[in-house]
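From first to last, the protein sequence lines are chains A, B, C and D.
Counting the first sequence from 1 gives a position; my numbering is that position plus 74.
Counting the second sequence from 1 gives a position; my numbering is that position plus 74.
Counting the third sequence from 1 gives a position; my numbering is that position plus 74.
Counting the fourth sequence from 1 gives a position; my numbering is that position plus 74.
I should point out that these hints are in silico values taken from the structure, not numbers from a laboratory.
Treat the hints loosely; a few may be bogus.
Pairs count within a copy or across copies, as identical chains cannot be separated in the list.
As the list claims (entries may be wrong) - Simulated crosslink set (DSBU-like; lysine-lysine; CA at most 30 Å straight-line):
{"hint": "1", "residue 1": "Lys321", "residue 2": "Lys130"}
{"hint": "2", "residue 1": "Lys184", "residue 2": "Lys232"}
{"hint": "3", "residue 1": "Lys316", "residue 2": "Lys137"}
{"hint": "4", "residue 1": "Lys291", "residue 2": "Lys321"}
{"hint": "5", "residue 1": "Lys232", "residue 2": "Lys291"}
{"hint": "6", "residue 1": "Lys321", "residue 2": "Lys184"}
{"hint": "7", "residue 1": "Lys316", "residue 2": "Lys110"}
{"hint": "8", "residue 1": "Lys189", "residue 2": "Lys316"}
{"hint": "9", "residue 1": "Lys191", "residue 2": "Lys179"}
There are 4 protein chains.
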Amino acid sequence: MIRAGILGGTGYTGGELLRILRDHPSVKVEVVTSRKESGRRIDEYHTHLRGVYSLKFIDVDLKEFRECDVVFSALPHGSSMEYIPELLDMGIRVIDLSADYRLAKDVYEKTYGLKHKGYRRAVYGLPEIYRDLSFADLVANPGCYPTGAILSVAPLAKKRLIETVVFDSKSGVTGAGVTPTEFTHFPNIADNIVPYRVTNHRHFPEIEQELTKLGGKMRIAFTPHLIPVNRGILTTAHVYLKGPLDKEEIQEIYEEFYSDCYFIRFVDSPSVGRVRGSNFCDIGFFSDGERLVVISAIDNLVKGASGQAVQNMNLMFGIPEERGLTHLPVFP
Amino acid sequence: MIRAGILGGTGYTGGELLRILRDHPSVKVEVVTSRKESGRRIDEYHTHLRGVYSLKFIDVDLKEFRECDVVFSALPHGSSMEYIPELLDMGIRVIDLSADYRLAKDVYEKTYGLKHKGYRRAVYGLPEIYRDLSFADLVANPGCYPTGAILSVAPLAKKRLIETVVFDSKSGVTGAGVTPTEFTHFPNIADNIVPYRVTNHRHFPEIEQELTKLGGKMRIAFTPHLIPVNRGILTTAHVYLKGPLDKEEIQEIYEEFYSDCYFIRFVDSPSVGRVRGSNFCDIGFFSDGERLVVISAIDNLVKGASGQAVQNMNLMFGIPEERGLTHLPVFP
Amino acid sequence: MIRAGILGGTGYTGGELLRILRDHPSVKVEVVTSRKESGRRIDEYHTHLRGVYSLKFIDVDLKEFRECDVVFSALPHGSSMEYIPELLDMGIRVIDLSADYRLAKDVYEKTYGLKHKGYRRAVYGLPEIYRDLSFADLVANPGCYPTGAILSVAPLAKKRLIETVVFDSKSGVTGAGVTPTEFTHFPNIADNIVPYRVTNHRHFPEIEQELTKLGGKMRIAFTPHLIPVNRGILTTAHVYLKGPLDKEEIQEIYEEFYSDCYFIRFVDSPSVGRVRGSNFCDIGFFSDGERLVVISAIDNLVKGASGQAVQNMNLMFGIPEERGLTHLPVFP
Amino acid sequence: MIRAGILGGTGYTGGELLRILRDHPSVKVEVVTSRKESGRRIDEYHTHLRGVYSLKFIDVDLKEFRECDVVFSALPHGSSMEYIPELLDMGIRVIDLSADYRLAKDVYEKTYGLKHKGYRRAVYGLPEIYRDLSFADLVANPGCYPTGAILSVAPLAKKRLIETVVFDSKSGVTGAGVTPTEFTHFPNIADNIVPYRVTNHRHFPEIEQELTKLGGKMRIAFTPHLIPVNRGILTTAHVYLKGPLDKEEIQEIYEEFYSDCYFIRFVDSPSVGRVRGSNFCDIGFFSDGERLVVISAIDNLVKGASGQAVQNMNLMFGIPEERGLTHLPVFP
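Full structure from sequences and hints, please.
Here it is as structure tokens:
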């Protein structure tokens, strides 16, 4: 039994880790921290989990994790780095859901406007690409947008086929976090769609870093939008290839690349509703001869965050990647 | 031309006053205050009004209203009372959209847990009931829930026919105001419905006061719910009458009571979508022999707030009640 | 291993049976029928189940069920009755999700305007009330509204405490089924709320029959509304008791009545979002001294249909009621 | 007073024409046809217009239009062409909201898979581009997607600055029309986003025709998505220019191009909510140095259909383009 801890359990990703891990046959959640809710029963805060978790939040105290085999950090970026080095030094394996270990140090500092206080090397935890995690002690769980974007074109990037790719992404509102803001105020987003950080979202360097690592130089662009949806990211990747490819060739490239990937499903009509609550990434292809369109759909809180974190944990501990993650989509 | 001022122009009701009054042929908005946005162009804040209002918010200074014939106070309860007595003393007529002047003083203080600092007598501005406002200097614009509730059964109350009435109300999220809170955080209300203050909402004493004034003692109950809708209140009034009445008799009672009321429409299937953006109150009746169900639908920001305030203004100034308020519903 | 068949697998309840039973450790789905989709892979139709079910729909042919231990009928009312008697005669146990076996024959015929062609005695499958199903061959799975309504006041009814109860119910749109109609056309219901069959919904006789059976005569009323939500029914039960009871006494009555019921959760703030995708029924109480308000929240497709059907199956086969049904709510 | 007729008044665009024209000071609606609703009062069908239109639908009979100065055809494509030539021959000016007269004949026949039965030359009624309509007898009102797409880049196209433009468009569900389908079934689109006709939507040839006419050859692509919104199209135009331009130069090009256009507003943060119910087209620019992103937001039923039709009518009759169209956006 893997003993797991959660650092920062009150956000959406913390709640999802708790939901997912309750059903994981090889894991037991032992410690969950929260500064502001310490002492409160978890299921009094995450009321949808009522009756499921009698465990209480504790204040942050790294010693409490000493019996853990793995700790998930669901703290915001900038906070994760304050604790992770010490956890690693305690011999605990860590999966960080924040941005703190996803980027090269200098790119991180420039992108997030912060000095990195505890840099360590981490594996970028997109398990469809980095499949061997058995030796990893620190996994940087990808951002939600990069997950959808990279998975949509990784097979093409790997083959160095892409001339230009424009990612036009549409995200549900849980992606903006659990804290109320003007941006997430119901009347500002219901019956509406709102583009934001149109050319300067902080997930762009992450997309660029990973695609470039995979496939060398290409022209990459990214624009996110908030849609009146709770969960899900739909990524529409508009791709201009370096040369012509017919649909069968493309299909083959994708099927080969993702041949042993449980969570990749090829579908005719991707939509976020049809992956809701699950760890699947649905992918569809469309071509007009000149432009290839690849569309991916994920649940931003599952495959885009906590589900992927558990998938990474499975691979770190030599468990099949899908264990505890076979929840079917709740549709409609 | 009526010169109008708005005290507190940054909330939803302030925005709606601005939207409505732009189209009013007899009114000009001269002054709009805001502490936090003072100096900023109105249409830079209310961006949907872009290009329409070059006027700037000014800080609160009652002298600036001295040329106004009427001031709408769109401040929160507790703040309105700080300014209204002085405005009245300046000889300016006032329509208060807050709760400060709706209730008897003692009921107000108990309900809102505040000492009333500037009590004056006001007319309760539900113009379908209090139609002569020509002499009124201070009109207390009703709450959104009371508007929908009272209008749904006023004709029956007046005839003293009601034994029991249970108001089960469903409100759009703009009713909770412009300030982001957990309650209005998109993921907490989208794809959801949330009852709140189930037996102790502060609009209950207002409903009780007015229905009792109109029709004496009856058993009254009220429960509100928040629904994933921007605008609108649907009130389902479950009525047990003191004696049997057939549908025709009821119809007649309503048609007589509302005979000269422009904004009351009798419909077969009331819904908030079909009054969106308009000052109409749609009413439908249904009976199963034992119980009468009367359903009313209003736009909470228009008939439930700013539209009704303008309707009150019209009646105060001897203008037809519908002037400047004939916007048709935007459906779907 | 229980071998299960599904009669009519293309509706929402069919889809949910498939989703739920995939995770049930004691059940295997062997046969799923559909007239219009016969021959097609299930996961090409229910695309959210992609990759999960390679089984194909077959045309209706009761002989195909001969190896089944249990058949779920997810056909519409009027159709179920055409097949169920024969299935029973084949020695197969049946759970009918339609209305065909919920009501006394005469009440059924009057309510649904149909001649009953294959009447048999059935157990009303609300397992919190009818807990011993070990001998049942035919279980009539309750309607979604009756499930939420009856569970909200059953403990009070049992004690004969209710004078009047008004059920004001709000349902998500999946309750209206998978077939597109004007009623379910997105623009007619989004950003809207629509009351319908205000005093004459066909679930009323079912509510009345069961509450009366449980607690004798009382004054009962029911009005449903459609809300812009996919799943869920929130039932607001406005109750006038025959005599005063304090909140502790009520709490005690409920806790005793539901003492061994896994799926009943008592909560402070019920909402449909917090039971989404799960078989829980969340219940909260509120009192203003005169009126008691009990609010229940269920997922109409799970506890209001397919989840409850599986719960009934468990009890029929002597399995703990929660087996295969412990999915946690997907919130937000 | 312009006497107007509406051919096909039961769809969303018919309803919007009725809503808009009620407030137009120079127009009176005299005749509205409908095959299926003939004889019924308009406001019994369009129930949100209750009390506003006592006029009845009549069956299609072109003679009834003989007193009209202008007829709006709100029939589906393929039907409009059956009536329009005869109306023109009767000396009546026509604005066609269908696709029948937007494209060159051969392109139309190929795109819509129909033989054109009544081809006439028409002006493409995008009034920001074709401003002189005083001599036009037949105006082809643009499609909703082309309106948003073309307006977003027309100034750049005109200057021949575009190398590649990818239009990623997101539409509200009213764009799919008033007839219920699986596509518009509430549970299929609520809490979801659905790409469709990803590389082969019929509005693409229209976008291509007009942009090419304006600015010669460029690489153009278009993908539409359906979002859970009633009204509105947000078009995200990802533009690669032929050479570098700074934001000020771009701003200048747009301001010059749209200098006398009442309905174009330049905004920092375009969103469909902030144009809801109005004829505005809000446009915002964003640049990352390499890629220019231009985002436009319109109400698909107003600027994308009926409002634009009235704007065209105004220009045909020598009236200021904004007359009767100054409704402010209803936000939130």
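* Violated hints, by number in ascending order, as checked against the structure -> The structure breaks hints 3, 7 and 8; every other hint is satisfied.
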